[in-house]
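Going down the list, the sequences are from chains A and B. Take the position in the first sequence, starting the count at 1, then add 15; the result is the number in the working numbering. Take the position in the second sequence, starting the count at 1, then add 15; the result is the number in the working numbering.
None of these hints come from the bench; they were simulated from the model. A hint or two may mislead.
Each pair may be met inside one copy or between any two copies, as identical chains are not told apart.
Claimed, not checked - Mimicking DSSO-like on lysine-lysine, the simulated pairs with C-alpha atoms at most 30 Å apart in a straight line are:
{"hint": "1", "residue 1": "K231", "residue 2": "K262"}
{"hint": "2", "residue 1": "K254", "residue 2": "K231"}
{"hint": "3", "residue 1": "K138", "residue 2": "K291"}
{"hint": "4", "residue 1": "K177", "residue 2": "K231"}
{"hint": "5", "residue 1": "K102", "residue 2": "K323"}
{"hint": "6", "residue 1": "K191", "residue 2": "K257"}
{"hint": "7", "residue 1": "K191", "residue 2": "K120"}
{"hint": "8", "residue 1": "K137", "residue 2": "K310"}
{"hint": "9", "residue 1": "K310", "residue 2": "K257"}
{"hint": "10", "residue 1": "K138", "residue 2": "K191"}
{"hint": "11", "residue 1": "K191", "residue 2": "K254"}
{"hint": "12", "residue 1": "K145", "residue 2": "K231"}
{"hint": "13", "residue 1": "K191", "residue 2": "K145"}
{"hint": "14", "residue 1": "K138", "residue 2": "K274"}
{"hint": "15", "residue 1": "K257", "residue 2": "K231"}
2 protein chains.
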Amino acid sequence: MRRFVCYRLPRSIMHSFFSSCLQVGLRTFRRLSVISSHVAHFSNSTKMSYPIVQRGSPNTENFRCFFRNENGLAISPFHDIPLHADKENNHFNMVVEIPRWTNAKMEICKEEKLNPIKQDIKKGKLRYVKNCFPHKGYIWNYGALPQTYEDPNHVTPDTGAKGDADPIDVCEIGYKIHPQGTVVAVKPLGVMCLIDEGETDWKVIAIDVTDPLADKMNDVEDIEVHCPGLLRATMEWFKYYKVPDGKPENQFAFDGAAKDRAYTLSVIEDTHEQWKQLISSEEDSPMARTNTCVKTSPYNVSPEDAEKILESSAECGAAADVSQDIHTWHYVIPQN
Amino acid sequence: MRRFVCYRLPRSIMHSFFSSCLQVGLRTFRRLSVISSHVAHFSNSTKMSYPIVQRGSPNTENFRCFFRNENGLAISPFHDIPLHADKENNHFNMVVEIPRWTNAKMEICKEEKLNPIKQDIKKGKLRYVKNCFPHKGYIWNYGALPQTYEDPNHVTPDTGAKGDADPIDVCEIGYKIHPQGTVVAVKPLGVMCLIDEGETDWKVIAIDVTDPLADKMNDVEDIEVHCPGLLRATMEWFKYYKVPDGKPENQFAFDGAAKDRAYTLSVIEDTHEQWKQLISSEEDSPMARTNTCVKTSPYNVSPEDAEKILESSAECGAAADVSQDIHTWHYVIPQN
Numbered sequence: 016m017r018r019f020v021c022y023r024l025p026r027s028i029m030h031s032f033f034s035s036c037l038q039v040g041l042r043t044f045r046r047l048s049v050i051s052s053h054v055a056h057f058s059n060s061t062k063m064s065y066p067i068v069q070r071g072s073p074n075t076e077n078f079r080c081f082f083r084n085e086n087g088l089a090i091s092p093f094h095d096i097p098l099h100a101d102k103e104n105n106h107f108n109m110v111v112e113i114p115r116w117t118n119a120k121m122e123i124c125k126e127e128k129l130n131p132i133k134q135d136i137k138k139g140k141l142r143y144v145k146n147c148f149p150h151k152g153y154i155w156n157y158g159a160l161p162q163t164y165e166d167p168n169h170v171t172p173d174t175g176a177k178g179d180a181d182p183i184d185v186c187e188i189g190y191k192i193h194p195q196g197t198v199v200a201v202k203p204l205g206v207m208c209l210i211d212e213g214e215t216d217w218k219v220i221a222i223d224v225t226d227p228l229a230d231k232m233n234d235v236e237d238i239e240v241h242c243p244g245l246l247r248a249t250m251e252w253f254k255y256y257k258v259p260d261g262k263p264e265n266q267f268a269f270d271g272a273a274k275d276r277a278y279t280l281s282v283i284e285d286t287h288e289q290w291k292q293l294i295s296s297e298e299d300s301p302m303a304r305t306n307t308c309v310k311t312s313p314y315n316v317s318p319e320d321a322e323k324i325l326e327s328s329a330e331c332g333a334a335a336d337v338s339q340d341i342h343t344w345h346y347v348i349p350q351n
Numbered sequence: 016m017r018r019f020v021c022y023r024l025p026r027s028i029m030h031s032f033f034s035s036c037l038q039v040g041l042r043t044f045r046r047l048s049v050i051s052s053h054v055a056h057f058s059n060s061t062k063m064s065y066p067i068v069q070r071g072s073p074n075t076e077n078f079r080c081f082f083r084n085e086n087g088l089a090i091s092p093f094h095d096i097p098l099h100a101d102k103e104n105n106h107f108n109m110v111v112e113i114p115r116w117t118n119a120k121m122e123i124c125k126e127e128k129l130n131p132i133k134q135d136i137k138k139g140k141l142r143y144v145k146n147c148f149p150h151k152g153y154i155w156n157y158g159a160l161p162q163t164y165e166d167p168n169h170v171t172p173d174t175g176a177k178g179d180a181d182p183i184d185v186c187e188i189g190y191k192i193h194p195q196g197t198v199v200a201v202k203p204l205g206v207m208c209l210i211d212e213g214e215t216d217w218k219v220i221a222i223d224v225t226d227p228l229a230d231k232m233n234d235v236e237d238i239e240v241h242c243p244g245l246l247r248a249t250m251e252w253f254k255y256y257k258v259p260d261g262k263p264e265n266q267f268a269f270d271g272a273a274k275d276r277a278y279t280l281s282v283i284e285d286t287h288e289q290w291k292q293l294i295s296s297e298e299d300s301p302m303a304r305t306n307t308c309v310k311t312s313p314y315n316v317s318p319e320d321a322e323k324i325l326e327s328s329a330e331c332g333a334a335a336d337v338s339q340d341i342h343t344w345h346y347v348i349p350q351n
């Protein structure tokens with residue numbers, strides 16, 4: 016078990032800190048960091064809030080969404096947010112990258128220090144997933160579980176395919192729309208295994224623990240009871256979503272079926288172990304492993320150094336226009 | 016054939032007029048109206064632009080979206096925008112009330128003078144249509160054809176049901192999202208006939224004439240060729256959309272089939288004739304028939320009086336928050 020260490024500030028100070036400046040100047044930060052002498056341990060069931068800091072210009076290549084912890088310190092959403100929101104109840108933290116019904120392919124950037132969310136780029140252009148009729152954008156809040164990793168050197172026995180070098184993906188099926196950068200406690204219900212261009216790509220299906228249906232949903236079969244058609248739509252969504260871009264249909268392990276909750280929990284724990292290996296290994300990796308909370312990691316940095324990384328990102332700017340083209344419906348899913 | 020008369024101002028004056036004040040003060044208006052001595056006739060193929068004026072507070076009961084003509088004069092979108100955008104080619108003006116993928120039930124208010132767009136209210140609450148899985152909000156840009164009316168005293172021979180006292184509705188299926196209040200030239204392709212709580216409620220299916228598919232789509236059968244599944248989705252959408260509110264499924268004339276383009280054009284012309292009757296009749300009606308362009312109508316008013324109506328509406332205010340409840344998916348459409 017790893018130990019997470021974090022600086023803690025009185026709430027009154029943090030309130031004025033955030034209300035006066037969400038993007039903390041280094042001078043302000045240094046002043047505050049003097050105060051942060053109280054050091055506490057993360058508990059695996061602590062409810063934490065993670066304010067975001069948007070940098071650059073929305074809808075452009077330089078846009079970044081950074082994270083702070085509730086003490087105002089810059090953190091990595093990949094490495095510094097604990098996987099477990101409530102270990103006893105198997106609730107996990109999910110970092111929302113893409114709110115439901117939106118199209119921009121936003122993701123935790125594995126290669127940049129502090130792993131801010133940014134928009135994926137394909138062939139030099141900002142990437143938007145196409146709307147495949149009858150669907151509009153992503154049909155769930157989509158994101159990742161922190162402190163998980165699908166190791167590209169690890170062959171998953173059940174699929175025979177290597178990992179895709181990503182944190183594990185989550186489709187959150189609750190009724191709320193969660194804004195980008197929200198950290199939501201979710202309850203896993205099942206998992207699909209996409210073989211995306213030859214790589215194992217797990218898609219955990221989970222529900223916000225505060226959703227009115229969360230108490231009624233305890234395993235994969237409950238999804239069909241309360242949301243009939245959603246599992247099939249999810250499978251079809253992943254099967255066809257790259258077809259409008261000229262790519263073939265995606266394939267699935269297990270014939271596209273979603274595995275049950277127990278299986279899902281074991282997949283999450285496996286990918287958590289692969290992350291532990293990643294964050295502590297001294298072997299070269301294209302992954303940016305800079306973190307502020309994993310004190311035993313060779314890549315642990317001080318809060319001051321983390322703040323410098325955030326501040327070196329692009330200044331905030333006006334949002335760019337987005338083409339109407341992203342609203343096109345593509346008729347690639349067979350209708351019957 | 017009716018004659019439409021309108022005030023016309025030089026473009027240079029109109030440019031500064033709109034850039035300095037979209038909501039024209041009465042004093043400004045009077046000064047400008049002195050200049051507007053040049054009187055011209057509307058042509059049925061003139062391309063017009065219709066700036067909107069938003070009043071009140073968005074997402075509240077007092078929000079209104081008024082219209083001006085390209086000369087800056089307040090008009091009614093129900094009575095003063097010509098039905099025909101290009102009579103020779105059977106292109107019609109559509110007033111967009113509800114942009115695709117939104118939920119707020121916005122509509123031309125038939126009962127208020129100048130017929131601004133406002134949000135419908137049911138049981139004292141602002142109305143949002145429910146999302147019926149797999150659909151998100153309205154699945155087309157939704158609106159109405161101006162200068163049409165489904166007379167509640169007129170029994171449609173083909174349906175045996177009376178009109179619903181509305182302008183005729185349009186589902187625009189092009190790829191663009193048109194903001195509320197946009198006036199779009201559309202090409203009708205077909206028409207479905209909903210029997211909505213016992214009333215004839217035509218739903219014209221049309222496409223923006225500037226859409227890349229518009230040239231390839233000339234009749235109802237072309238919809239299935241280019242947008243397979245959209246007609247069925249449209250029928251299902253209308254059949255089930257009130258079910259989450261506890262109402263029964265809607266019924267259809269013609270077993271839910273969409274009639275062809277020729278039939279559609281005849282329905283549009285019929286409803287145009289019913290509007291001509293409405294706008295010229297001196298019989299009582301709950302419809303607000305105030306207009307500025309139909310000079311032969313008993314309800315024609317001066318531009319100054321129209322401006323006073325607009326100015327008597329609520330002052331602009333901040334948008335209210337909208338509940339996350341509107342994002343819920345309701346699983347009422349049978350999946351197979």
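Hint check results:
In this homomeric assembly, K231 and K262 come within 30 Å of each other (Cα to Cα) only across copies, at 26 Å, whereas the closest approach inside a single copy is 38 Å. Within a single copy, K254 and K231 get their C-alpha atoms as close as 28 Å, and across copies as close as 29 Å, so both meet the 30 Å cut-off. For the identical chains of this complex, K138 and K291 are neighbours neither inside a copy (33 Å) nor across copies (56 Å), given an alpha-carbon limit of 30 Å. Proximity of K177 and K231 under a CA criterion of 30 Å is satisfied in neither setting, with 35 Å inside one chain copy and 45 Å between copies.
Neither within a single protomer nor between protomers do K102 and K323 lie at most 30 Å apart by alpha-carbon distance, with minima of 33 Å and 64 Å respectively. Taking the shortest alpha-carbon separations for K191 and K257, both the intra-copy value of 26 Å and the inter-copy value of 21 Å come in at or below 30 Å. In this assembly of identical chains, the alpha carbons of K191 and K120 lie at most 30 Å apart whether taken from the same copy (19 Å) or from different copies (20 Å). Neither within a single protomer nor between protomers do K137 and K310 lie at most 30 Å apart by alpha-carbon distance, with minima of 35 Å and 58 Å respectively.
Proximity of K310 and K257 under a CA criterion of 30 Å is satisfied in neither setting, with 40 Å inside one chain copy and 56 Å between copies. For a Cα distance limit of 30 Å, the shortest separation of K138 from K191 across copies, 24 Å, qualifies, whereas the shortest one inside one copy, 33 Å, does not. With identical chains, the CA atoms of K191 and K254 are at most 30 Å apart both within one copy (25 Å) and between copies (25 Å). With identical chains, the CA atoms of K145 and K231 are at most 30 Å apart between copies only, with a shortest distance of 22 Å across copies and 33 Å within one.
Taking the closest pair of Cα atoms, K191 and K145 come within 30 Å of each other both inside a single copy (22 Å) and across two copies (14 Å). Within a single copy, K138 and K274 get their C-alpha atoms no closer than 35 Å, and across copies no closer than 44 Å, so neither meets the 30 Å cut-off. For the homomeric pair K257 and K231, the shortest alpha-carbon distance between copies (25 Å) is at most 30 Å, but the shortest distance inside one copy (34 Å) is not.
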